[in-house]
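Undergrad: Under our numbering, the first residue of the sequence shown is numbered 574, with each subsequent residue one higher.
Hints in this document: simulated from the structure, not taken from any laboratory. You can take every hint at face value.
Label-pair ranges, simulated between beta-carbon atoms:
1) 659 / 722: 19 to 27 Å
2) 714 / 636: 17 to 25 Å
3) 632 / 693: 36 to 44 Å
4) 721 / 580: 20 to 28 Å
5) 694 / 604: 41 to 49 Å
6) 673 / 606: 37 to 45 Å
7) 694 / 580: 37 to 45 Å
Quick caveat: nothing in here was measured; it's all calculated off a predicted structure. Note that CB positions come from ideal geometry on N, CA and C, so glycine has one too.
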Amino acid sequence: MVRNNAELVDKWTLRFDEVSNNVYKVELTDRFGRQSGTTDDNLDRAIETCISYAFDIEKQLGNSLNKFTYDTFKYFLADQNLTVSNYSDKYFGSWTIEKNKKRIILDGRDLLLTIQNKAEASDWKDDFTIKLEDCKFEQLKELKDKFKNDN
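My request is simple: use the sequences and hints to build the entire structure.
TA: Here it is, written out as structure tokens:
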């Protein structure tokens, strides 16, 4: 469950209010006061929309998206049984999120976002790779769906 008035993704704080029966006003605000916001009758969809807007803002500003994408995937995959979930500033902001025989990794040095699969007793094989600078939020959602739906 998401918490109100808490950091949701890298330095973006989530605030939401039910402004009418099952209608939510949702805002993400960064430490500089920049905001992304929407109103929706579905809280999860509204939060995802705000994350999408914040992703676009971060990208337009040329900010590093390493921690932002990590936090976004942690939010997307909160209901999954993750076996590995680690972020490392020490290694250029590289991170790994893994479950069973599937993982999403970001090579922080080369800024490559990759989803990998592991067949029985074999090494990891790349399923899809994209440079983070070329990535659009819709592609993050597609990777999330691929990670969730495949065993």
